[in-house]
Amino acid sequence: MSRARVRSFAVLGVMVLLASCTDDATVTTTSPGAVTTAAGGGATTTAADTAPSGDGLLAAIQSRGNLRCGVNEAVPGFGFLNPDGTRSGFDIDFCRAVAAAVFGDPEAVEYVPLTAQQRFTALQSGEIDVLIRNTTWTATRDGGEGATFLHTTFYDGQGMMVRTDSGFTKLEDLANTAICVLSGTTTELNLATRFADIPYTPLTFETNDLLRPAFVAGQCDGWTSDKSQLAGVRSAFPETEGGPQSLTILAETFSKEPLGPVVIDGDSQWAQVVDWVVNAVVIAEELGITSSNIGGFADTENAEIRRLLGLPIEGDSGPTIFDAGLGLEPGWASNVIKAVGNYGEIFDRNVGPDTPLGLQRGVNALWSDGGLLYAPPFR
Amino acid sequence: MTVAVTPGPWVRKHLFSTPFNSVVTTVLATGLVYLVSALVQFLAGADFEILRVNLALFMVGSFPRNQLWRVVVAVLCLAVSAGMASGLLLAAARQRANTAGLGFERPSGMTALVNVVRRFWPLLVFIIVCLALTTTIAPTLVTMAALALLSASRLLSQRLHRRQFGWIAVVVWPLAAYYILSSSGLGWDDWGGLMLTIFLTVAGILFAFPLGMALAIGRRSSLPVLRWFSVSYIELIRGVPLITLLLMGVFALGFFLPLELRPSHVTRVLVAITAFEAAYIAEVIRGGLRSVGIGQTEAASSLGLSNWKTMRLIVLPQALRATIPAMVGQFISLFKDTTLVAVVGLGDILAASAFANAQPDFNARGLARITLPFVALAFWAGSYTMSREAGRLERSLGIGER
Amino acid sequence: MPDRVRTPWWRNVQVLRWLAQLVAMAVVGVALWLLWFNVTNNLASRGIRTDFGFLDQPFGVRIAGSDLSPGSAVRLALLNGIRNTFALAIVGLPLLTLLGVAVGVGRLSGNWLLSKICTAYVELLRNLPPLLLVIFAFQAVILRLPPARSPATPFGWFVISNLELHVPSLRAGENYRAFSISLLGAVVLAFALWWWRTRAQQSTGRPHHRWLWSIGIFLTAGAAAYLALGRPITISRPVLVGRVVEGGYRGLGSYFAVMGALVLYTASHVAEIVRGSILAVPKGQSEAATALALSAFQRFSFVVLPQAMRIALPPIINQYLNYVKNTSLAIAIGFAEVTLIAFQAIGNGQPAPQVILILMGCYLIFSLAISLAVNLYSRRMRLAVQ
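Line order of the protein sequences matches chains A, B and C.
Residues in the first sequence are numbered consecutively from 1, following our numbering.
Residues in the second sequence are numbered consecutively from 1001, following our numbering.
Residues in the third sequence are numbered consecutively from 2001, following our numbering.
Take the hints with a grain of salt, since some may be wrong.
Said to hold, decoys possible - Part of the chain A face toward chain C, derived, beta carbon under 8 Å: (1) 56; (2) 60; (3) 116; (4) 124; (5) 166; (6) 177; (7) 184.
Since the hints were made in silico from the structure, they are not lab data.
Since the model is a prediction, treat every value here as computed from it, not as a measurement.
By construction, the Cβ of each residue, glycine as well, lies at the ideal position given by its N, Cα and C atoms.
Assemble the whole structure, with the sequences as input and the hints as a guide.
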């Protein structure tokens, strides 16, 4: 072989090496200094994940080894990127819960940050497995956008925030003003409907950090969003700009905003898995199981607790462990609870009264406390 | 022979030569004084806490903080690579000068240091600003280690000048850096901040180059189908903004490929960027191909070289050399255009500015007037340095003067 | 001499060429068909429509600066977006040309301060990303204006806030059509007078003063028509009534932010191009002009600049195209040009591939229009456009 040919093979080998290095699911075993001949020298896996033998998304996720979760990056309390690179929030905790259920490891998550417009196409085009990004459940999204909504994790409503010194008390006062709203959200559509007879100028922004300066500078007189988000913004409003008391969230709630996880249409096994993860944390709170006391239920007589935690139940033919047939390892619920706690713990840790958001349980309490959280029985 | 110029006549000649000039000078001078004083006031009263706390976010995004040693090793590898490359170029220049019988004098010591500072001062300013914002000594140590490695490898490769070292400098060390940053479970999708910006630029140009070359050659082909396809691709892609292609990549790529493939977010963006750059690179290469005279092709065919051999041995080497300044220009342009990925959700350095401003500590305090200029400084330092280097390269290669 | 030997088909260049083309066509055809198949299949399996019928669906939201109701069709919203992009282009392109040429020339001026400042401007703005400039212009400049609830009213003639800028405009009163027809007549008269005075000079040799005559007749005729028709055009001043501004012409703050940032950015590129092309004009030209006793200003505007602009034209076209493409950055600050409308449509459930195709088509049409217009102009000037 001429030297030129050797060189071209070397280049080819290096290119293949590069291609093999881009598969982030497997560890490459070839060394970088191996500038050798033979095009087949490097591993030939491609950068894409090919579907495994099972048909469903659950099987594909299990073989890939991590969960791709579509999240928000800049909403404190729900989906937030901290300065040290970690993520925290209500929705982030549910991502970790699903990962704990499927893999037993809450950190086996690849977070895919998405803007409001991209979130449904990312789901449709398979970029993410589940979307947990304060997304409102609507009929169109269920129908035309190819999405399936699961058990609501947060019952919210849309509100309007204005400056206290503006003197606005009801929505009609905002006639002929500008109102800031995020693009690609139900908030935008609800605003248009509610203000159908009221003249106003809508200012639509891609993300909250582009919107916030406009509101603070007074370009728009109203900021409309889910009330939980507005509460978060209000509570963090700095004193130099007037502090939280300079902002008022108007009393009227103009729409229901049930927020929950979303998966793609057509895979009922995966949808049920995510649904039951949410149900499990609610049931855990109903049964009084927390991440700290979960170890102390080995001798409980309560059959539902034993089923939930995957503890053996005495039966006629010896001890059995309950398996609901969801495709997960029995005892997945105890992995979930150990990882993120029950619903109350998730709520209190991220958006509860002791956090900067300072939200009360309100309609997000258990049904037995007068709220809307009601999970089907675990049997 | 230089004449000592006293201030008086110089000012009269250059600033107040005509009444119009005097008016212009006065207006500009007052404006300048106002601007500078406003800038100084702003800098003196500014609170850089947001930058200090979030520096890692700006540099590496959400890369796991316990794996930052990988970034350090990668930076050192790249420093070695840069040092080796510059040393080899220097040795090659010296050899050429010696062959031509010319002397090869290079200043040393203090003069050399001053020259380096004069040449790279924007980058140095940016590095110093970043180091001033760090809270531990570690980054400064790493920077000094990188600079030391760079000079050492430059000195070493000047002495051990061999052709194979070129491959090692340009291919092996960067590959090592890439491997370090993407092994044991990490991948492109974990990179963020300035690291992601640089990666998208380099990878974009690298992957787009073969495609662009194919398109440029296809555009000159005598086969109508190939020519038609190349022309329509190039004109289509050049006529639309990058944002639409990013949209297409992020939203629609998943539909164009079989659904089981599920490419990741960064992959989709990279595909869009590659498709975009390929069209522009094709135009640059086409310009280079046109600059090679027809006489070259005629001489090659009279020597019995086939079409392909002519292209490979005669035309392309000359053409590619002529395109180097324009290529660097394209590189700079892509470097600036990668800020758009913040709009489709990737966490590059501009998105880091958004995250920093969304944090509860820094919320709603208008600190964008601190973070945005920092990001602007990063881009300005990189682009300005690269464009000056492109100018130097153009002059030293003597393009357009042959 | 041997008989003609027929080369076998597998060595025959003609055959091979056709074969190669067939293969290429087949490959391209198969690839496109595969792509199409994948797209329609995948969209169908997700329950998303694959036709362009979504254009008649209601858009769902209001658009800033327009009167469209939320129920209007998507196609109307997109047209509105195109109109906004066009508004950015039609004002921005002339502005950036003027600024770019001014700065490029200023950089070569003999005034040291002016040339240094122009150099600093070019080297600063050329190396910054345009998205950064747009966001900065919005947040650091526009948002610094008075808030929308308490705008400033300088001189009583303007209403300025960070949301909108209102300037006085012309309002058509009665007899407006009669007035515009008489204005047209006055223009025709002016042209006629120009032609007549030129002919007069050619036949008699006396100075024609054609400028004076034409403009004079235009103004006289126009004023006469204005008075005779009873003030058909009045100036409408923007007046703040509560929260509404009545009268005057309105421009959104975000519009000015995008335009300002992009004009400054593109002008810095144009300045570089202009400077390079002025330096490329052969030195002999300016030497000859000096020999003919032309002043510096005359030398510059009659000899150097026209030749420089010819060289500069192709790269400047490129910068115009870049400007139009960069207007898509307005999505970062909420100005409703066509890219933002497309993003909104996708976010509210319209099928993504079709919307993106339409968006790309819009920009292609813009680019082609600009290239065509400049090509026509340069052909008239008999230039060789690369």
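Do the hints match the structure? See the list:
1. Of the supplied interface hints, the one on residue 56/A is violated, with its beta-carbon coming no nearer than about 14 Å to a beta-carbon of chain C, more than 8 Å.
2. For residue 60/A, the interface hint is violated, the least distance from its beta-carbon to any beta-carbon of chain C being 15 Å, above 8 Å.
3. Because the smallest distance between the Cβ of residue 116/A and any Cβ of chain C comes to about 6 Å, under 8 Å, the interface hint for this residue holds.
4. Given the 8 Å rule on beta carbons, the hint for residue 124/A holds: about 5 Å separates it from the nearest Cβ of chain C.
5. Annotation: interface hint on residue 166/A holds; nearest CB of chain C at approximately 6 Å, less than 8 Å.
6. Residue-level restraint check for residue 177/A holds (minimum Cβ-Cβ distance to chain C is 6 Å; threshold 8 Å).
7. Of the supplied interface hints, the one on residue 184/A holds, with its beta-carbon coming within about 2 Å of a beta-carbon of chain C, less than 8 Å.
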